[in-house]
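A.B. asks: Got chain W; can you put chain Y on it based on the hints?
Order-wise, the sequence lines are chains W and Y.
Residue 449 in the working numbering sits at position 443 of the first sequence, with consecutive numbering throughout.
Residue 418 in the working numbering sits at position 412 of the second sequence, with consecutive numbering throughout.
If you're looking for bench data, these hints aren't it; they were derived computationally from the structure.
Among the clues, some could well be false.
In this list, chains with the same sequence are indistinguishable; a pair is considered to hold if it fits within one copy or across any two.
As the list claims (entries may be wrong) - Under the rule of at most 27 Å between Cα atoms (straight-line distance), these lysine-lysine pairs were calculated in the BS3-like manner:
| id | residue 1 | residue 2 |
| --- | --- | --- |
| 1 | Lys-526 | Lys-539 |
| 2 | Lys-27 | Lys-270 |
| 3 | Lys-145 | Lys-8 |
| 4 | Lys-505 | Lys-539 |
| 5 | Lys-27 | Lys-552 |
| 6 | Lys-403 | Lys-475 |
| 7 | Lys-27 | Lys-248 |
Protein chains: 2
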Amino acid sequence: MKIALAQLNYHVGNFESNTAKIISHIHQAEEQGADLVVFAELCVCGYPSRDFLEFREFIGLCEEAAQKIAAECRNIACIIGLPTVNNNPEGKDLNNSAYFIENREVKAIVNKALLPNYDIFDEYRYFEPSTTFKCIDFKGHRIALTICEDLWNTLENPLYVTRPMDELITEGPDVMINIAASPFSYNHDEERIDILSDNARRYQLPLLYVNHIGAQTELIFDGGSLIFDKTGELVDELPYFKESIAYYSLEDKSDVKLLQPSTKRTRKEGDIEQIHRALVLGIQDYFYKSGFKSAILGLSGGIDSAVVCALAAEALGPQNVMAVLLPSRFSSDHSIKDAEDLVKNLGCKHEIVPIRHITEAFESTLQPQFHNLPFNIAEENIQSRSRAVVLMAMCNKFGYILLNTSNKSEAAVGYGTLYGDMCGGISVIGDVYKTQVFELARYLNREREIIPENTIVKPPSAELRPNQKDTDSLPEYDILDPILTQYIENRCSSGEIIKMGYDESTVRRVLRLVNLAEHKRYQTPPILRVSPKAFGMGRRMPIVGKYLS
Amino acid sequence: MKIALAQLNYHVGNFESNTAKIISHIHQAEEQGADLVVFAELCVCGYPSRDFLEFREFIGLCEEAAQKIAAECRNIACIIGLPTVNNNPEGKDLNNSAYFIENREVKAIVNKALLPNYDIFDEYRYFEPSTTFKCIDFKGHRIALTICEDLWNTLENPLYVTRPMDELITEGPDVMINIAASPFSYNHDEERIDILSDNARRYQLPLLYVNHIGAQTELIFDGGSLIFDKTGELVDELPYFKESIAYYSLEDKSDVKLLQPSTKRTRKEGDIEQIHRALVLGIQDYFYKSGFKSAILGLSGGIDSAVVCALAAEALGPQNVMAVLLPSRFSSDHSIKDAEDLVKNLGCKHEIVPIRHITEAFESTLQPQFHNLPFNIAEENIQSRSRAVVLMAMCNKFGYILLNTSNKSEAAVGYGTLYGDMCGGISVIGDVYKTQVFELARYLNREREIIPENTIVKPPSAELRPNQKDTDSLPEYDILDPILTQYIENRCSSGEIIKMGYDESTVRRVLRLVNLAEHKRYQTPPILRVSPKAFGMGRRMPIVGKYLS
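In isolation and in its complexed conformation, chain W is listed as follows (with noise of 0.2 Å):
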């Protein structure tokens, strides 16, 4: 049997361009020769399609596109995922599904069984977990289909009380399939490589495992489909961050071949390697999929514009990138130097916007009620906004869409103006903390200098007052980090995070900060995902909550 696996870019709800999409790749694998291919889970509609689950036309669409597909499932089977109506009164209203199609006919319907219900997904909420459990056959073999994370109920930490494998396996399968919706995060890699392979090892038997690629707003999926023999030995992984098609032949029972040469890595890619990526994806995606061509952004002479700068030239073009400078009688001359090494650098358009009669006519027109009170944060603000304001003017002047700048580490504590720097359709480095932007900036620069560097070795400032610098208010950046990256991803307490040696002021003084600044961040564009923890649908916290605040 030859099997054939699409690891394709799908578009949330686009019913017309998923369908296109699958059924072209049917034809594709069947000119190939291909007996079987197979798509990713919830293809038809896409990942993730939240609450359009709740439209009942939503689901009729889906149905409507899988008899679309399946008209053309001519001399090839294909698999796809889609929601499907649960057809028991009790319990949720839908169910997450894959088809099995053979003769132009939904031959087995496989519903899945363990529903994330965590960090970013919400599976619960929308669909019933299956409690049968039931093999395919065909062409002379014994297909055991399950969905992502029914394969995950881990031995060390079980999220859930069945194992769909340990039902399947009872009726003797030949290969493991497993469609998936797996988003990345710069750790995920491994630890997806990990659990499948330790199936193929328990249950003895091939996996081929088929993932999304692309990104749906803030989630990037990453793709690279794994193909592990019965001992879980990785025999293939599809391309990372690319669509891509491949073909496997499962000829004797039980031993998976290669049709052409293998695409799997020859050294796992750093974190920063992989976070470059993605991010580069996600800008693209998020473009191109909202129907946008041009990024606009504030050029600070920072490094976090800077790199968000270089990120945005590499998904979009160059041409496509608009960078403003924005200075007000803060901003030193090394800033503005340094904003314009990286457009020559760069070759994108620019444009120098003083912000100074701006500034000044809010503050004279703010005088009555001001007096002479001091200069504060609400002047520090009024430049910061006063940014914002022109950038979105052009904007909504140009079509552009304006990418934010901010970083994780300051999203986290709240260093940042709501409605001031901290506007932005996306997020780019909204998941990627300071260090890591460091990191980023001499990893963009690894051909060519590309971020000035300048720009690199200066100390961070927000440039709102004289001789500003971030560590007037904050740590240095590589105290604060690994304080956050414990509280955040680790979800460490104070205590914990004392205990391995932080000082105990700035421990309580961070976290608290971070919990105090909750309410900043609701208000944030959506944050491209990169780590296992971001910030947004998959952190989600009380705002006027009394904890570590």
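C.D. replies: Then chain Y, alone, in the frame of chain W:
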């Protein structure tokens, strides 16, 4: 047996105040000779504690608080709700539990079996559902204790495959107690009474039900704890939107008697009356629980900001409300007069800050980029955003929280300026359609004119260009709002709405506008929830999705 029901206002994560409040009501009930005092679901930590629940330290603090509470139960038993560690290594880490405390010890633990995971609820994110059921024997009575949703698996639309009371009834209980966290929406009190009454009648047992009151950011709990006899007759109802403790006797098995005058409502309040009470409580608790006293808002002379100003004055006292008039060159004379009349009627503070110099500074600064391109949405939004910068500067200078004044109709169709009039710490009427805002204005004027008549009768306008009217861009609100209700609250498709008799092109246009505005709503403040489907955590939509858009 004498039972006290304590309906209290908790604060998420504030163990100190929640514990003190619970203990003081234990003492009070003990002094009144009660045998048992019942508190609400998850009262120890507040509801919803959301991802605070993922911190082991937080769960430890819950247990610590429970032990402090237990130590106070000398001659009285109590029921409290808290998260506890799931001792089964399989499944989620926590249970949503009730402790039955007697003689200073936890005598029984009941875990919730039906975990709501829809709309604003995410309980399956944290908790493992219980699969075992046991009654509690106390002073000759056998109590069937359940937690909120456990009684909500209705016969008509069973969301779950089990029904806890069907198990508990086999042990022959003589009373049901249900502790709950059931948030307000304008039609929810009726539904609650129906479902609980059905339970009392079906199992032929009296039922005592204790709810939260008070707001946690956007979620408002209305109290209205309920007592039914075994025929399903409503015996008593605790006050709505108010803390309260009440006493009942259960002498003769299966008969509940009041021990004080009934507070049962003589008539159901209308939607608008209820919404009014909910919004006032929502504002109060947002400010009180975040440690702020004073609000600021922009007054346009229009009905939305007028209604929000009146609600804020009622919630915080007029002396704690700063109303700011921010006329531009397009503001009409009547707008200023109407706003000044409102301020006079309410007795709140006000300032006039004309924004002309500011918008001129933006326009002249941007002249090199905009050249002589015609006035359009860019310049309109500059006005709205300039106002936001002024208001936020006053917040930063004087410590106000900005109130957002967008209504649900405009939030739905994206008729508002991101980082402009869409700013604020909390959105007061973002879940109130424009037609309801008019009703609310009439209701606020029920005793004397507060909202100026001219504000109510003039055609709505954003006044961002000469002679602008809302109806230039949108259908009349009495067409728009019913279409939005069908789409948002009832999740009807365009086809279904058109079949109801609405104009096809209007329906398609409105639904498209709603879906296209998702990126704007993502960045709006939390919205006080008063309907069964509010924007925010209860409605989770893709942003780059392509459905109806």
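A.B. asks: Against this structure, judge whether each hint is valid.
C.D. replies: Hint-by-hint comparison with the structure:
no.	hint	in the structure
1	Lys-526 x Lys-539	both (18 Å within a copy, 24 Å between copies)
2	Lys-27 x Lys-270	within (25 Å within a copy, 61 Å between copies)
3	Lys-145 x Lys-8	within (10 Å within a copy, 71 Å between copies)
4	Lys-505 x Lys-539	within (22 Å within a copy, 45 Å between copies)
5	Lys-27 x Lys-552	between (49 Å within a copy, 15 Å between copies)
6	Lys-403 x Lys-475	between (34 Å within a copy, 22 Å between copies)
7	Lys-27 x Lys-248	within (15 Å within a copy, 57 Å between copies)
Checked against the numbered hints above, the structure breaks none of them.
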